[in-house]
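Student: With chain A's structure known, arrange chains B and C on it following the hints.
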Amino acid sequence: MNRSQRLAMKYFTAAIVLFGVMVVTGLLTATYYLQDGLLLNRLDFSTAKILHINTMILWLLMGFIGAIYWFLPLELEHETVGVRLGEVMFWILCAAIAVVALVFLFVQYGPARETSLWFINQGRKYVEAPRWAAIGIVLVVAVFVYNVVGTVIRARRITGIVAVLLINLVPLFALYLIAFPAITNMAQDLFWWWWLVHLWVEATWEILIGCIMALALMQLLGTSRRIVETWLYIEVALVLGTGILGLGHHYFWIGTPAYWLAIGGLFSALEPLPLLGMVVHAVYDAGTHQMKTSNKPAFYWVMAEAFGNFIGAGVFGFMMTLPQINLFSHGTQWTVSHGHFAFWGAYACGVIAVIYIALQKARDADVLNGRAWKWSFALLNLGMIGMVGGLLISGMAQAFYERAMGGSTLDAFMRGQTNPWFVQGVAVRLAFGLLFAMGYALLVYDLLRIGKRREYPLGERREARATM
Amino acid sequence: MYLADPAFWRAGAISSTAVMLVVLGFLTVDSLAVIRTGGANVPPYTVIDREIAYAFDDAAGMYRPVIGGEQPLFGRRHTAPEAEALIDKGKLVIQSRACIDCHTFFGNGAYYAPDLTKAWLDPAWEKMWMPMTQAGAREEAMVMFLMEPQKYPTWSRQMPNLRLSREEAEAAVAYLKWMSSVETNGFPIHFGHIQQN
Amino acid sequence: MTPQSLLLSAVLLGAFVLLAGAYALLYCVGLLSGRRELTWASYTCYGLQVAVAFAVLVATPLDWWWKALVLASAIVYQRIPPVVWRYLHTLHLSTKERACSRTL
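Protein chains in written order, with this note's numbering: chain A, 149 to 616; chain B, 4 to 200; chain C, 27 to 130.
Chain A extracted, bound-state conformation:
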């Protein structure tokens, strides 16, 4: 492993740790729905939720950054430039995350002054981290961009994939600046906030994971560069072709003009089409290799990515995206159901796959296989399906009773929340969340030990290879 890849392993480790924090805080957040008065005024729902959603964003980002540090030197045949500075920034980032989390937990909020936004909580969803930490994130990402650009320049080499990655880093970085302002007018605040959130997770992050998957497929299946590059360009064309104006599906109800109902609805309805293409591609790749690979877990997680993305983002999204439906589903557990499934399929599965790919090389293992990863794979995916299924029931109950029938008042909200279908749905969510947590624990166990050289009698080693 070169220095850049060792840094990648640090990022992957931090990512998995934050994934764990996300799981624990997720279980906690789920429990509030079933236990009135839980930790009231000590650790309220909002604090648990902030920790849950921020760790989600961070663990995925760290997974992406780790993946690039891993693949870049291989891709450009040159050690990553400025990797020492990258290492420093990694530790600064970890320290900042720890401080911010402790402040969220123990200080929680301050008076309605700018100083609270600078040091405690900015109070905008996903970007609650205080401004000082947001500046830190900007610096970390700036160094990361410098690492990538510097390596391209020093190596005097660029590939199609790296070119897409580089160009994509510009808007990815620039959009984060929207995390800073505190705009009084909520319509304007949300307008720009959605540029950050949507053009991250439904545009630039899609391109980023597309680049990472392209690099991963070359390693995992030996797919030719020409093929993954061609496919990457097709993906960019289709994903951005639908996703940029698909931003409009967040502009139905926030004070923006009514033409967004048509534009956002149309492009959003087209978003599943490229995802279906990705499913076909995944099956094609699986088939042409007859499911044979020396890294079974990575291969399965890549398949899970294609299918999870299609169902979580495509199917669940399409169900609720047309304005006439969305008017009722907007801002309910229905949204939560779609959000969890989409993030899982589009990003989490891909990051896990890349970690397994890196581990195979890091541990110099001929073959990665075993039992633990299969159990972890099953529990995590079944857990996720169960959670989003429960949330879908709750969300539909909410849309039905609170919105369609009840008139969306506090009274209607209460009736929706106490409706038996709703309560059963969130109970199912917690139960499957526990399964998911077990899957996570097994994932950690497997990542710690898979591929590590052990003393095998000769016959056993051959047997291990034959079961591949």
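Calculated directly from the structure, the hints in this document are not laboratory data. All clues given are correct.
Here are the in silico distance ranges between beta carbons for each label pair:
#: 1; chain 1: A; residue 1: L222; chain 2: C; residue 2: A77; range: 43 to 51 angstroms
#: 2; chain 1: A; residue 1: E225; chain 2: B; residue 2: A43; range: 54 to 62 angstroms
#: 3; chain 1: A; residue 1: A322; chain 2: C; residue 2: F80; range: 41 to 49 angstroms
#: 4; chain 1: A; residue 1: L596; chain 2: B; residue 2: Q198; range: 50 to 58 angstroms
#: 5; chain 1: B; residue 1: F77; chain 2: A; residue 2: M586; range: 50 to 58 angstroms
All C-beta atoms, glycine included, are put in the ideal place defined by N, C-alpha and C.
Tutor: Quick look at chains B and C alone, frame taken from chain A:
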């Protein structure tokens, strides 16, 4: 075949992205004009001293805010700068207390607590909280609830006490009143009216 | 939009895309395995998808342009698996040819 040539798809990716970004640019410029304070969909902050309602508009085919006559907030008239200062403060309250991590605003946020888009118009203030708090006006009941929610619970899921000062609570209430006047293309549908099946 | 038609419409729309996925999956696996029953199963899924599109047309209160979009996209969804599969196959073949011709 050119379809197998990555350069063809690279050109496709660049042009498709460029076209969409240009369209987004034009729509953004237009939307920003509509959503600025005082724009077509967003009343100026001085609307806090007007009566605000929400009714079905036959011509538009949807529910729309209706701005009525004078209704000074907290019994006092606010000049434009005073109203702006109050609403600025209100937004700082909402951010400093991370209200959006329990509640939703225009349906965005967290789903543990009610949507606040039309909270100003909620019948519960008159029906439940004004009697509970003995307040003479809706906004007074809102302020008293926000300052001491534990004293005036209405169901088993309680709002935490976020240690709001009087000034902060008034600013938050003003913010909610202003927010209820924004044109949201009919969200939430038929607020306050229960559908008979 | 009544509460009931809200849920029905949403379920139909979700089923529409889900069946597209089932059609694509079975179609591709059918091609790989050469098993005709899988290919027929895939066409059945597509047939169901068309039926769902028709149900959206007649049984939901969606505006006519959304219904038109659903019907139009039903046609596009049918084309995606065979077109993408054929394209990937051609892409792999042409890449192999280039690699072979380079080594000659």
